[in-house]
Structures are given as C-alpha cells and as structure tokens.
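Going down the list, the sequences are from chains A and B.
First residue of the first sequence? That's 421 in this note's numbering, and the numbers climb one at a time after it.
First residue of the second sequence? That's -3 in this note's numbering, and the numbers climb one at a time after it.
Hints were generated in silico from the structure; no laboratory data involved.
Just so you know, these numbers come straight off a predicted model, no measurement behind them.
There could be a bad hint or two in this list.
Stated by the list, open to error - The calculated lysine-lysine pairs, modelled on DSS-like cross-linking and capped at a C-alpha distance of 30 Å, are:
1. B:Lys315 with A:Lys755
2. B:Lys210 with A:Lys859
3. A:Lys822 with A:Lys755
4. B:Lys261 with A:Lys755
5. A:Lys755 with B:Lys55
6. A:Lys755 with B:Lys210
7. B:Lys507 with B:Lys374
8. A:Lys859 with B:Lys55
9. A:Lys860 with A:Lys1095
10. A:Lys552 with B:Lys507
11. B:Lys559 with A:Lys560
12. B:Lys374 with A:Lys552
13. A:Lys822 with B:Lys210
14. B:Lys315 with B:Lys261
15. A:Lys552 with A:Lys590
16. B:Lys55 with A:Lys860
17. B:Lys195 with A:Lys860
18. B:Lys55 with B:Lys210
19. B:Lys315 with B:Lys75
20. A:Lys495 with B:Lys532
21. B:Lys195 with A:Lys859
22. A:Lys979 with A:Lys1024
23. B:Lys559 with A:Lys495
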Amino acid sequence: MSNVMIGVDVGGTFTDVFVMDETTGEARVAKVPTTRPDQSGGFLDGIGKQVSDLSTVAVVVHGTTAGTNALLERKGARIGVITTEGLRDVLEMRRRDRPQTWGLRGNFDPVVPRDLRLEVPERTLADGTIRKPVDIDAVKAAAQQLLDEGCLAVAILFANAYANPENETKAVEAVRAMWPNPHVSASSEILPEIREYERFSTTALNAYLQPEVSGYLNRLENALTEGGFDGEFMIVQSNGGVMAVDTACRLPVRTALSGPAAGVIAAGYIAQTAGYPDVITGDMGGTSFDVSLIADGQSILSPQTSIDFGMVVRTPMIEITTIGAGGGSIAWVDKGGLLNIGPESAGSTPGPVAYGQGNTRPTVTDANVVLGRIDPDNPIGGKLKRLDVEAAGRAIDEHVGKPLGLSTVEAAEAILTVANSRMAGAIRLVSIERGFDPKKFAFMPFGGGGALHTGAMLDDVGLGRAIVPRYPGVTSAMGCVIADMRQDFVQTINAFVDQIDEEALAGYLQDHVDRGHAMLDAARSSFEAREVIVELDMAYLGQTHTVAVPVAVTIDGGKVTPPTRAEIASAFDDAYRATYGRLLDKGVRRVMNLRTAVVGRRPKFDLETLAPEGGSVEAARKGTRQVHFGSKWYETTIYDRLALPVGAVVDGPAILEQPDTTVLVDPGLRATVDKFGNTIIAPLEAD
Amino acid sequence: MSEIDPITLAVLSGRMEQIADEMDATLFRAAFNPIIAEAHDASHGLYHAASGDTLVQGKSGLPIFVGVMSFAVKAVIDKAAADGDLADGDIFIFNDAHIGGTHLSDMRLVRPYFRDGELFCYLASVGHWHDLGGAVPGNYNPAATDAFAEAFILPPVRLARAGVVNQDIIDILMRNTRLPQSAQGDLNGQLGALDLGVKRMDELLDEYGAETVKAALDALGGRAETLMRSELNALPDGRWEAVDFLDNDGVTDEPLPIKVALEIKGDRMVLDFEGTAPRCAGPVNIAYPTAVATAYVAIKHIFPALPANAGVMRPIDVKIPEGSLLSAEFPAPVGGYTETILRMIDVIFSAMAQAAPDMVVGNAYGTINALSIAGRRKNGQPWVMFSFYGGGHGGTPEGDGLNHGNAPISTATIPPMEILESAYPVMFRQWALRPDSAGAGAQRGGLGAVYEIEVLEENGAEAFLFGERGRFAPQGVAGGEASVTNHFSYQQDDGWHEPPMASKMRGISLKQGQAVRLETPGGGGYGPSEGRDPAKVARDVALGFLSPEKATELYGAAWKEVKA
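Can you build the whole structure from these sequences, using the hints too?
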C-alpha cells in the first residue's frame, strides 16, 4: 500500500517540498524556485525532485499563496455583485476608515467596480422579518446583465441575510439556474454572521478568487493524476486545518493565510513533541517577522484579518502578528538622529547590499554579514556565488556609522540591537495582549533568518530556551503533512441567554455537525479521532467586544444535545471571569454567534524519524571564522548542523550551518541536539 | 543630565511607545461603550513631570488627544502644586473641558508615577464616555448656551489618594449619567490601563535605571524638535492666509469666520488665528487647549513621520486671539468643538497649500455629523441611537481622495448598519455614496455619503443633529475646487423639510415610517480641473460617481469623446 505523504508549500521565492515515507520512516526535503505567474510548474518540479512514481503517494497537501497573491496583486476575476436596494456601495464605503492615521493620503478601489454592483428590490429586517420579498425577475435581469458584462463569478449580498436567508436563498437559486459555472457565492452561505461589510467583503473576495484559485487547483490535480497519482489532494486553510480540494474551490477565501498557517501548525507539533507545549514562533523572512503564539499546544485563532486596506476576510485564521523587520529591512538614521529599521525593505530583489544587485542602503542581513554571522562564501538559496562583505560594510558605515559616530562594526551591532528590540517587542505584545507571560514560553525560530536572532530573543524577552526545528526552512511544507482536517461554521444568534430559542440553537448546531461529519466521511484519509469544538461569542448587553465561550456538547449517534440556558450562562461567567477578572452585577448576558469546528485528527508521523543517525560532533566540525558578538570578535567554530548526532552539545560561540539556515549560538548559550534532531538553545547556567 | 547612547535611545523609544500602546489595548478590550471599544475615542501616554509635555503617546488613540492631553496633565500639576500633597498612588479625574480641552464627554484620569519616592512622570488616560447627564442624551446639545446645559462638570479631583479609591467620587459620577453601567465599565477600563502603565514603567526602570530612561525622554524631545526644525528649514519663507466659515453657532444664524495666517521664517513657524470670530452663544466655541492641540493635529497630518512628542511644537508659535471662539472661557458651551477644530485644520491646510502644495491635500468633508435618534419602545424602554457619519477626503498630489473616510481628528470607524438595525428600531433605506459630491480637480475629492434612516417604532422618535458645512463647502487646494455642502432633511406628514439652521437641529419628531436623510460632503479637489484626464472623467460617469450634466459642467465635454 502506498504510504508516502507529501507537503508542498509555495512561498514568494521558494517552493518547499516535504516528503514522508511512513513505511521506511524516511523524510526528504526539496527546495525549488517558485514559478510565476503559474505556481503549478514549481509545484510539480519540486515533487518530481523527490518522488519519481506518483502512484506510491497517498496524500498531497498543499499550502498555497495563490489566493493571497491574487488578493494583494488584485489579480482575481472580473465579478459582479447583486445586492439589496440602497446598499450597492457598502463594499466601497468600508467601515469608514482610512489607510493611515496621519497624512490623509491613500485611496481604495474595491475588487468589484460600482457599475458591476447591481441592486434589486428586497429587504429583510434585523429580526428576520421580510419587509419586502425579493423580486426574482429583477435578480434574473441583474444576473444576465453581469453575464453580458463578462463577469466570471457573482456574489449575492443581502441585508440581514444572517437573520433570515430566505430572500437571499431564492435569489441564489435563480442565479445558479442560469449561471454557466459554479462560481456563485452567497453571503448567508459563506458567513451567516451579523455585520454587513465584513460579510459582504468576505463573500465578494471569495467570488473574486473562485475562478482563479479553482482553475489553479484543478490544473494541479489534473497534472498529479496524469502523473499516476491516485491519492487524496488537500489544501491547507488559514485556520491551520486542511480541506478537500473541491471545498477549496468552493471556499477559496479560506486559503488567504494558508502557507503561514501550516508553518505554525508544524511548529506547534514539533514543540509539543519535544516537550514544550507553550511556544512562540518567529518566522523571519525578507520583509517581515511573523510572530504566533501556541499555548498548551493550541494555536490561537483570530476571527478576521485585513489582507490589505479595505480587504477584510472574516473567517477563523491562525493569529499571526507581522512587523516590518525582516532580513531585507533597511536601517536608516532620521533627521533627528534616531536609528530606525524598516518599514522600507529591499526584499529579496534587489535584496541586501551584500547581494550586489543594486541596493545601496544597509539591511539587517548586511549587519549579520559584516559581523561574520552569515557565511559570505556560501549564501543561502544558492542563487549567488558570494556575498559582498565590503559593500555591506561601506553601506552601514555611510548610512548608520557616520551619522551616529560609530565604527562600522559598532553600527552593525546597533542595527541588530534595534531590530532585535523590535522583534522582542512584537513577541511581548502578542503574549501580553492574550494575557500570557512570555517568560513561560519557548521560542521557535523558523524561516531562513530567524535562527540568527535566537540569543537576542532569549535575552530581550527573557524566554527560557529556544527550539530550532531540524528543517526550519521547510516548516510550512512539513505542517501540510501534519495538519488535521477541519471545517469551521458560524451562525449569528443575537439573543439574551434567558430568551434563547433552544430549538433553533439545536437546529443550527446539528446542521453544523452534520455538514462537518459529511465532509470527514467524504475524505479518503482515515482519522484517529473526530472532535467537535463549540464556542459562543458572548458579551453583556451594551458591551461591544465579545468573549469566546467554550461550551460542552454531547454527540450520540450523530445527534447533538445542545447546552442548556443554565449551562451557557455558567460557561459565560467562567470565560468572562478568566478574561476580565470579575463579573458584572446585574449584567444581561447575550449570545452573539455560534461557532462550531469539526475536526478529523489525522495520524501523526513520528518525528524521531527525522533524527540524525550516527555522526559525531568532531566530524561535524567544518572550521572556524571570526564572528562579532557584543563588543568583540570571537574565533567561532562552525558546524555542519545536519551532521551533529543526537545528544551533541555545542557551547557558544558557535555557528551551526545547514543549506537553508544559519543557527547562531551566542556566547553564554549552549546548543543541544534532542532525540528528534531539534536544536535546543538555552543559557549555560540554566543547565 | 546624562548623555545617552544612540542604540539605547532607539530601543527605549520603542519600549516606551509600546507601553502607551498596551495601555490603549487594555482600555479598548475592557470598555463597554462602543465609542471607546470600536471607535477608539480614547488615548494614553507618558507626560513630563514638571511641564506636563507629551513624552510618548499610544499609536491607536484619537489624533486630537495627542496635543490636548498635556493640558490635562498640566491642570493636575497645578492642582497638586496648590494643594501641596502629591503622593504615590494618587489618581486625579476630571472632564472639565475648559481646563483639559476637547469636550465634557472626555473623562481624563491622570496618575503621577513615582520612582524611589520621587515623581518621575505622569501617566494619563482619556476616554469618551457615553453619557454624562446634561440636557441631551449623549451630550451633543446643539442649543446649549452654557456648559451646564451640556453635561455634568467635574473639575480635577482625587479619585484615589495614596492608593485608596474614594468611592464618594464614583457615587457622584454614577448618579450623573444616564448609563451608569457603561460609565462603570469605562472607568474600570481606564483604571486598568493606568495600572498596567505603572507596572510596565516599573519593569522598564528596573531594567534600564531611572537615569537612563530620563535621559532618553529628554533626548527624544530634543530630537523631535530637531526633526521639526529641519522640516521647516526646507520650506520657503513667507506668510500665507486662509479663511473659512462655520455655518452658525446653532443659536444665531450667522456665519463665523475662522482665519489663519501661516508664517514660515527659517526653522520657525507661526500660526496666527487673528481675525477669527469672537466667542459665540452656541456650542461651537472651543477652549484654548483644544485650539493649540488642533494646530498640532494639522502639523502631524502635514508631517506624518514626526513623533507624537511635544518637542515637535517647540519651533511653532500658535497665536490664539483672546476673546475669540478659539479661547472661550468657562462656562461657554464647547460641545460642538469637533466642528470648529475641523475648520481650523481646513484653513491651516489651505494656507500651507500656498507655501508647499505637495505637502497637503484638499479639505476633507469637515463635519462630524453627530446624529442621534431617540425614543421609547412600546414597553417604555428608552433607546438612543447615536453615531457620527462619514464623508469624502480631499484630492491628493498622488490621486483622487478617499471615498467615505473618517474625520482627520479621529480614527473612528462607523458601526455596522446591521448592528444598528438590530439594536434600535430603525431601518436604513440607503447607505450609499453620494454622486456629484466630490470637489473637482486634476485629482478630485473623494465622495461623501447618503444615509436615509426610517423609524420603525410605533411610538415614533425624536432626532437631533449636530453638523456643519451646510452653507460653506469644503475647499480645494492648489487650484482644485470646492465640493458640495452637507445636506440634512427630514420627513413629516407634508413631505420633506430642512432645518432652519442648516446642519443643526434639535428634537424633530418623527412618526413610524418617516425618515431622516443625511447627505454628506465629498472632499475638495487637488489641482485645476482642466488638468484632469478626460478618461478619468468618463470613468467617473460610467461608475455613476458623476452625472453626465455635472461632468460637462465641471470638466467640459471632452470626456464624451474618450473611452472610460
């Protein structure tokens, strides 16, 4: 029986492939350039590097940026909107915000231009009463007009459709009957939740992505099939779970943060397996540093995000906080003499000064190069022959050293100090906003650059230790193989606890569970376990921010027993007290939304299969090089990281190199290789 | 004063900004009232121990507070000096707008921060409370002729003395609001934010030492000043004037001029408001602190990269004429301060446009449009729907203005229509962009909006509006044209009516099925309209942003010959 699982993560620069053969316990990785505009070239090329016979493959899971890129670059399809009379401009008016607080500059173009947003007579009130039945002839005429205008997809957006979808459902039926493809998105299907702009935006962006993303996924699936693949093809969602490819074609908006989410899933699994259930991940790329928090093995989900100004996607996503401090972030001194890092970035093209591709302003990577932390003779990625240390030094000197009266080396240290401080600030804010003490967490760097800054994070934030996964450069691809299958559902309830319609609540819950289980049943994967997670968004009457209240439900033979009013009230009190410290006298409790997640736990592979076999510290020694830490140069030993055996202990200063990552062990820190091949870095005195 | 190395300074600068940001986040999460929780009408920061000057302020709070909070802190410094007994653990509270700026809805909490028994700096928190008594729910009373008709007035008093909270003060406050539960939630949130600020300052000083942090604070002020001076040096010397008008004060229907002369000389700037209307009877007066803070807001918009630090204002002399409506004394009504300060920002932009047209944008829609619709349900339960409405932003050197933005003094978002419809017995017949509302120009202004709101409640309702720009449209800059005026109308048995005071109206009775309609201004244009690409005009016509007639009137007929 075929037992090969493949995870493929397509990033902006590289396509990473992680192959796990469960029979032999062998793991292989490949990194190939991402192809543009069609990512399927790199996808298939990457798989082909490691697997010659696709018929041996049971599962291919894909973390994709196809949706994200289409949104950011505005490369989605020409689509139309059919909406309630009087409301055609909701998408364009947003929530009356502006791109930046200061300056009053900047503009916004919605993905659907105004002449393709058509109104039809219909109106439902907030309590679900139909004030005006939908005029189906007007709906048909509008759909025809959009087809004549060349629209490839359509979004149907009716006011208060979360409270009663009847009008919208009738309109959708009529449109589906005449629309030549499956790309018809309805707001009450995509997101039956109160708040028209958020619901309309999510639904319209779904329609905008449908033709593009489903076309791409179908091309991939066909190519895999032609290559002899007969397994299951699945896609990672922003919530960190996977879905079947046909679900992804229907709900492409759920892939908005697919790639980064997979990385966090892998990080959580690796850390928990290694004995650290509380971990903060830091993914350092060319332009940004992405932080995510995992508490007790669970990553935190946020209910919505803005892909760009005015492009709101409201669907559960792994919470990832981004600051503009990546390897390519530019260091500069302002007119007041203050050293700043970013937000301007040289990215990967032209990239840091040391790349010699035209940029002349110093970046964080240039500081690392000048201080000897990155090997100039073996640049990561293999695109360049050698890094230009001298040019990096000159740029640092001119733009930072001279204005601040510092030597080149001092200026390079200053750049790292400020960049590290910003990264540490992001870690602190992420944990504090969630009510956690960061000192209890381990730090897990991944991505190409994160492991260069480990020591600084331990020092600045006071984190106890860092855990560097064995393959930090392909964490997202590995996450694809690890992620569970998951489907999220939401329904606005908007009722006081003591007036809740228990029958209606039971009905919604049963519907969510039935649909979730049907999805799991349709999958070819086997699941170790099935889980239903139910939460209510609740608040006191008059309070705006809701608290996520977990409630227990029992499912027996597929039939759900919903929580009682008393159980809901007491669950709210527990959750509210945990969040705010105390309850409110005489406060009236209200349920805003029901949220259900149905999860199929996929079998996990044994991370020990990744561990190195044999080897010795001595054999892994590659030589030495001068590296600057703090205020002096150290003759620093360089190791081939992948050749270090389990149990190896290396004291700083040291550098552990592997093809796509450099791990820095600062003086005073000790690196140990655990039985999974991870490198644990902790202060010497801690042992 | 000890010197500080540039690296520590850069690190501390970020750390202290983060403390203020965390205080913001704490209040936003805890507040009950949507004006704070959703609209972020609040602010937090660190202020100088002796002068009250702004040292650091959170990034998420309302822009206007960046300048005004130092006056609140200064008021507390003066009071503590007079009383002579400032202690660690004291917390002062007040809403008196003549002392602390803005309006009576803003509750200010100021807490001295002590280190090793010595005053190190002040922490402060301000937030817009939902209701503080007065004649009109929500405290926007367009017919107020003194502050007493606007809201309950609390001068700076001690809410806590040496760490012990004085419950009497809380009892007085709770008896003077229509919404005590909301007020209690906001108060707790603000106290929580101050507690967090103290904790974070303790940690920071433990790590770096009081000397170093103090040196950093001094250095940051100096650097903010240097930045501002270098910006001013790069501008031409000269003197430029601009004038604009408020419709009326809500009591007497006469236009009120707001005038500025902007002078740049080397690395200094003077903003002189001589020629502005004298103090008026109605609530469009503002207190002196508000006027100075507004100049700061305008400057921050023109130089967006400058830090939120009082050093920025050292090279700028803001001259507010005594007796004008920009320095109204107690108890002049100031509830409509938003309208007056929006006009101040408009004239500063118009004057600056003559000095350096690339640095400014056309005037934004220029009115907050505080609309409240209130009544009683069948079961006797009172309801008040209160919100601000949006309009267009000005055209910019880079492109057309933003459609339906928020006011330059605010970062508030509008509540979702569905939330309003679910909470109150109303239905929005229209929530849309307003065609033909943008100021013409090479880069036109953004579009204003149309909101038409029908009353569903059997008992009917009453509507109140506090707006402006009903008679004087937002101006363009650099040759761009003005947009259109704000237009408010309401339905009665005999058809649609307009209020006599243009955009100000108190207590209109509406029956079930009747509606109010608010049509807000777009933004002013940027650059002469002859410079607009006819293809862009044709595109605006195709999208319905411009009617064909208006397009030809504003831009000529060339658009008819090109493809959109």
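Evaluation of the provided hints:
no., hint, verdict
1, B:Lys315 with A:Lys755, "holds, 27 Å"
2, B:Lys210 with A:Lys859, "holds, 27 Å"
3, A:Lys822 with A:Lys755, "holds, 13 Å"
4, B:Lys261 with A:Lys755, "holds, 19 Å"
5, A:Lys755 with B:Lys55, "holds, 21 Å"
6, A:Lys755 with B:Lys210, "holds, 22 Å"
7, B:Lys507 with B:Lys374, "holds, 14 Å"
8, A:Lys859 with B:Lys55, "holds, 26 Å"
9, A:Lys860 with A:Lys1095, "holds, 23 Å"
10, A:Lys552 with B:Lys507, "holds, 20 Å"
11, B:Lys559 with A:Lys560, "holds, 28 Å"
12, B:Lys374 with A:Lys552, "holds, 24 Å"
13, A:Lys822 with B:Lys210, "holds, 26 Å"
14, B:Lys315 with B:Lys261, "holds, 16 Å"
15, A:Lys552 with A:Lys590, "holds, 13 Å"
16, B:Lys55 with A:Lys860, "holds, 28 Å"
17, B:Lys195 with A:Lys860, "holds, 18 Å"
18, B:Lys55 with B:Lys210, "holds, 21 Å"
19, B:Lys315 with B:Lys75, "holds, 25 Å"
20, A:Lys495 with B:Lys532, "holds, 22 Å"
21, B:Lys195 with A:Lys859, "holds, 16 Å"
22, A:Lys979 with A:Lys1024, "holds, 29 Å"
23, B:Lys559 with A:Lys495, "holds, 23 Å"
When each numbered hint is compared with the structure, no violation occurs for any of them.
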